[in-house]
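**Q** Here the structure of chain A is known, so what remains is to put chain B in place on it, guided by the hints.
Protein chains in written order, with my numbering: chain A, 545 to 626; chain B, 764 to 1412.
Don't read these hints as lab results, they were simulated from the structure. Here a beta-carbon is modelled for each residue, glycine too, at the ideal position from N, C-alpha and C.
Across the chosen pairs, the derived CB separations fall in these ranges:
hint	chain 1	residue 1	chain 2	residue 2	range
1	B	Arg1064	A	Gly612	21 to 27 Å
2	B	Gly1345	A	Gly612	45 to 51 Å
3	B	Gly901	A	Met545	47 to 53 Å
4	A	Met545	B	Arg880	52 to 58 Å
5	A	Glu595	B	Pro817	49 to 55 Å
6	A	Met545	B	Arg1043	35 to 41 Å
7	B	Ala1299	A	Gly612	37 to 43 Å
8	B	Ile784	A	Arg601	37 to 43 Å
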Amino acid sequence: MPVTVDTTRCVGCRLCELACSFSRHGQFNPSLAAIAVCFQDDGTLAVAISEDCAACRRPLCADFCPVGAITSGKDQASAARS
Amino acid sequence: MPHGHTGKMLWVDLTAGRWRIEAQDPDPNFFGGRGLNQRRLFELQPEGKDGLDPQSPILLSAGPLVGTLVPGACRLAVDFRNLVTGGVGSANLGGHFAAEMKFAGFDQIVIQGRSPRPVYLLVTPETVVLRDAAGLWGVDTWETENRIKRLENDPRIKTLSIGPAGENGVRFACLIGDRGRAAGYGGCGAVFGAKRLKAIAVRGGLPVTAAHPEALLDEVVRFNREVIEKSDFVKVHRGGGTLAAYLLPGENRPHAVGNMSGEFWDNASIGKVDRAVFDRRYLVRRHACFACPVYCSSVYRVGDLVCEGLQANSWRAFASNLGITDPEMVMRLHALANRYGLDGDHASAVMAWAVECFQHGIIDREETGGLELRWNDGPTMLRLLEQIVAGTGLGAVLAKGLDAAAAEVGRGSRRLAVTAHGNALMEAAMRSHKAWALGIVTSSKGGGHLRGAPAVEARRISPELSRACFGIDDIQDPTAYENKGKLVAWYENYKGVVDMMGLCYLPSMWMELGLFTPDQIARFHHLVTGADGDAATLMHAGARLQTLEHLFNILHAGFGRKDARVPEKLARIPVDRGPFAGQRLDAEGWEQMLDDYYIARGYDPASGWPTRERMKALGLEEAGRRLAAAGLPMPSAEAAGMMGDVACP
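If we strip away everything but chain A, and leave its shape as in the complex, we get (with noise of 0.2 Å):
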């Protein structure tokens, strides 16, 4: 189950991006990241995140986030299994 993101939170620094790659593939390259930030032109953000997202078992993303925007899908699954 992939990640969730909270937009409304979202500040733009894209370390999830960052994390993401570096946690998939060891490198730096938010190009290669299953989760990307958008900026709009009326001030807000979207986030996309891609069908590769599902595999992690704590999503690095959801750790280097600074505004706890990101939940991971077995945060999910558990909540709603309580």
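**A** Just chain B now, kept in the frame of chain A:
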């Protein structure tokens, strides 16, 4: 590919419309960013050529920590010959451009020549190409970014562009990235304009790697947990950036008020335009630069404008220094400066000076194109800003910069202008905070607080802590002159390190002593690049960079101690109210600080030039030979009355 670096630089010759890629090994003396740029600028800048000359280069570089998880490593250094001072031009911006440039494959881009027609430069891992920009000429920076993204069909492109101010040669035109990030000082926007370079657009796809990736990850996690998340500075700045920190509620702290005539602005005025007002009325969300967990910026929406980057500087520029208490007008002036590509500090300085000249009857409506200039008049200031960009009315004079405008207008207007090395100042607290004032005036880019002026001076650092951090006895009293020269020299070297690495100066020892100590920077640098340099090595490199910039200033602008003068207005008019009432800069204290400063730098105190021994200790003999060949031999330590190389580090 060397770790932390792309190992490549891009040379662009706009005259010929050609470019080439060169391999570039990591430089153990200048590292990257401002260091690498200044080293090449010193080599490339021809003597006797203005910064607008096609032969004069402009250089962009991102340091070795940029593109990694090291927090706040996002800065781009932009270096060139300063259009205002004739010496070092050096600007720096955050946002996302620097990291994207590295992901596109380049540590550095060097631009030379002049294109026969307007162009923009597109750089991706697959291509480097000069695109026709005729359709973008005259367009503001925000729309330029939008259009390039559409033209290239890629919304994730990052741009660095000029607006009409740069195209029209305004001497304090700047470069804008991410709509609200400015490479402000020195006129780099006009350098782009003279080269007919509308923008550089970058798009990544390549990696940045670390020498010790797992250890780096552990260290960043530890640093975030133990330092960033426990920092008072970070806590305050997450609530509204420097705007929140600068305008602490109810505090009668110094500002720049009414063309730097005063430093006290009453709380009633501040309350109309403080951070809480902006947040309540206009806040869309908090905003971060690339890889920064501090997210000190904010995005605001005012009517049709969505703008970012309103920090303490912009507030000082467009609120207190012009006396404006309408928050919408402050936002509109800030947004317009960004769209037109104007340095907000210098724009404020010339406009505030014009208002004061008008109030004193030095200039009249005939010269202003019919405008009546007065304090707290946002709509008129918007029109004056338009005049500056268009070169109409009084704007044609103001567009030359404050120093040139004062010379042209004459009639006693010089006394109303606050400058250092010919550069306009728009600063708070210079009368009361002595190291702050010294660092602003001795700045190697002519003037400004982003070199050796220590923001921590306001924090009343204890002597124990001062000795532990700086090896300096007592800096506790901001109004005292003692020990401040040494402190400024220390911070100049430290800022060199920060800029060479590509770090941000805000979450650093500049603001809070526990943030990014030289030891910590050395640790990150080692984990990213594998290089072994310790803190002392880095600080020595910072001193080398600072001295190289001073040599550039001597060679191209003839600067020395004679130019590091107290701005006359700050000596003549004391602070009239508030906790620092009565404070001003006095000549005797200033000269004492300068003596201490030059000795701490290892310079001859009489001339303010580095000694031959100091240059040798820093490995700058080659630069020294160039100056000697130009008839500018540096003094010996013996002639300067100094024993060997006494500077620290």
